[in-house]
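K.L.:
Sequence:
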Amino acid sequence: MSIPGPNDILRHELPNGIVVLVRENHTSPSVVVSGYLEVGSRDEPPQKAGLADFTASALSRGTVRRTFDQIYEEVESVGASFGISAGINRTGFGARSLAEDLPRILDVLADVLRNPTFPPKEVEKLRGEILTDLEERANDTRRMASLTFRELAYPDHPYGRSVDGYIETVSPLTADDLAEFYHAHYTPRGTVLVIVGDVKAEDAVRLVGEAFGDWEGPAPDRSPLPPVAPPDGVREKFVPIPGKTQTDIVLGYPGPARTDPAFLDAMLCNTILGVFGMMGRLGDRVRDEQG
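Numbered by this note's numbering, the letters in the sequence shown go through residues 1 to 291 in order.
Please keep in mind that the hints were generated in silico from the structure rather than gathered at the bench.
Please read these numbers as outputs of a predicted model, since none were measured by experiment.
No residue lacks a Cβ here, since even glycine has one placed at the ideal position from N, Cα and C.
You can take every hint at face value.
For each label pair, taking beta carbons as the anchor points, the in silico distance ranges come out as:
#, residue 1, residue 2, range
1, P29, A219, 32 to 42 Å
2, D156, P240, 22 to 32 Å
3, S81, D203, 18 to 28 Å
4, G233, P103, 55 to 65 Å
5, L264, S223, 24 to 34 Å
6, P261, A138, 33 to 43 Å
7, P240, E129, 21 to 31 Å
8, P240, L273, 23 to 33 Å
9, P230, S34, 27 to 37 Å
10, P230, G280, 23 to 33 Å
11, A257, I9, 21 to 31 Å
12, G94, V234, 33 to 43 Å
With these hints in hand, go ahead and build the complete structure from the sequences.
P.N.:
Structural data, given as structure tokens:
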């Protein structure tokens, strides 16, 4: 299998600003759809931390055309998978299905992204799931270590807040809050949609146009991120979790900016040293050489 390159990827921009990238791969009768919108937790106010992810998760809980059960049944009935989640800078979506079911999957995806209704009963069910997860996070050493590191590294900054939010910020959010955030930030402009698999590139572009071509909206209106202040010395914090014998340690140091030519080199180095966990060099030294 060849490595993807500019010569085998079709790029097409719809009139509404959606960028479509397609790469044909006919080794199996399946397709993968992936993409993102220019909205994330950086766009939510601090007192409503978790709003972006709550909104993204609620998109598939009901639309103008389908109930949550109908969405689930339509995807599951053809053995497909489907998901949407928010990050700090963007909200990602993805789906996988047989190539013959691509029109159906794109139709469901477009319906979810364009026509959510945020039914109050479904929003309450989803809130319960989120709050349960946040309670579980408080007892998870790895997740708490990661969250605490971000809070120390980026105090009073969107990068330092939990994308999932906090119990005290998610609890008061309403269906109206989700709808307001959606209408303020979800737009086709800036959206990127990628399709890879057993489909002709021209057919994929046509199907995306049929599903998304008449979606209208302005360019994302995003406030610039505040600058990140460099650490003024060592910052450290110990978070005790009663009943836990496992300890997770997160270490960090200011590195090159994403636009720095050395950024990818630093990412690779970081991966080899520690991102692999116990399979990385640090994990190997701690576990195998020092017991």
